[in-house]
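Given only the sequences and the hints, what does the whole structure look like? Please build it.
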Amino acid sequence: MKKLFLYFLSIVIFILVIIIFLNDDFIEEDEFEPIRQNIDNMNISCYNQASTSESLPNIDAKLDNQDTDWNIFFHETSCFDENGLALNARQACAVESAAKINPDMNIYLLFLSPSKISRRFRRLFKQLQTYPNIHIRRIKPEDYMKNTPLNEWYKTEILKKSKWPINHMSDILRYLTLWKYGGIYLDLDVIVIKPIKYLANFAGAEDRNQVAAGVIGFDTSMTGRRMANECIQEIRNNFRGDLWNHNGPGVITRILKKICSTKNLQDASMIRCEGFKIYPPSTFYPIHYSNWKSYFQTTNKNATMKKIEEAITIHVWNKLSNGEKMNQMGTRIFSFMRHLVLIKMV
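Last residue of the sequence shown: number 1195 in my numbering, and the count goes up by one each step with no gaps.
If you are wondering where the hints come from, they were derived from the structure by calculation, not from laboratory data. All C-beta atoms, glycine included, are put in the ideal place defined by N, C-alpha and C.
Beta-carbon label-pair distances, calculated as ranges:
1. 1151 with 997: 45 to 55 Å
2. 1091 with 1047: 38 to 48 Å
3. 980 with 1115: 37 to 47 Å
4. 1059 with 1091: 10 to 20 Å
Listed below in structure tokens is the structure:
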């Protein structure tokens, strides 16, 4: 009964998140739109620029409360121009859902750009900053890499030769941040719909052949430390700037196949994987990226709802769906969640 009540409560809280983001008084219509105007996908010149008086405060292990594994990390690795840091409502919804559903966890939104907060998106930042467990900080990569296995590797500037340096920096940082602090990493297009506080040392399969890297947890136990170390060493030794997935999902997939001693991830039990759990696709990625339009379509609505019902997170695949209106997606997700609440009340 208690478990059912907590599940019901998490769904209700998530509905409130969606209601907030469907409220026109809170967010202008264009804040739902993808951010296109001030990002150069090849420009990483901001990474080692000094912070200014208007920059976000740097993340600080001594000042920020990271002394537990109850941390959730989001990264934004783009360099922004003079218009300032941008965060659209899809991304803000992801961060807010994590904070609302997991009020006892520290939520870190980490930017690499030293730019000030954009006036256009200031309301979204202020809304997030009303949560005591949300911390918005800056990472300066040169300093962040110090005293880590990637320090000398980063100094070679191999990242600058990548075809997708911003995306590959995101791949690198998800593993490095968990190596440094322990906790859970989430992509900025992952919405949390159930508590994840007690999940430890886990990832989710995207399909039968690959483990995804959009939701990953490494704690500070022996199992978590081994996974973090293995992933960092894999990046340092086998980074490929010419392959899109090689440094993100490719890293954890290769490491788990090695640790679990299997080429077939369906055989990868916790015992075989030395305490690390690989969840099925339905747990974190109930809608496969190839079916991303299901979030917006009314056809097969019941089948889509059924897939989402048992999920812990939903991945909305922003890279593919960023041309769709956020209010349409919000309405669709809201109907999913309302459906789930009605089921639990019966």
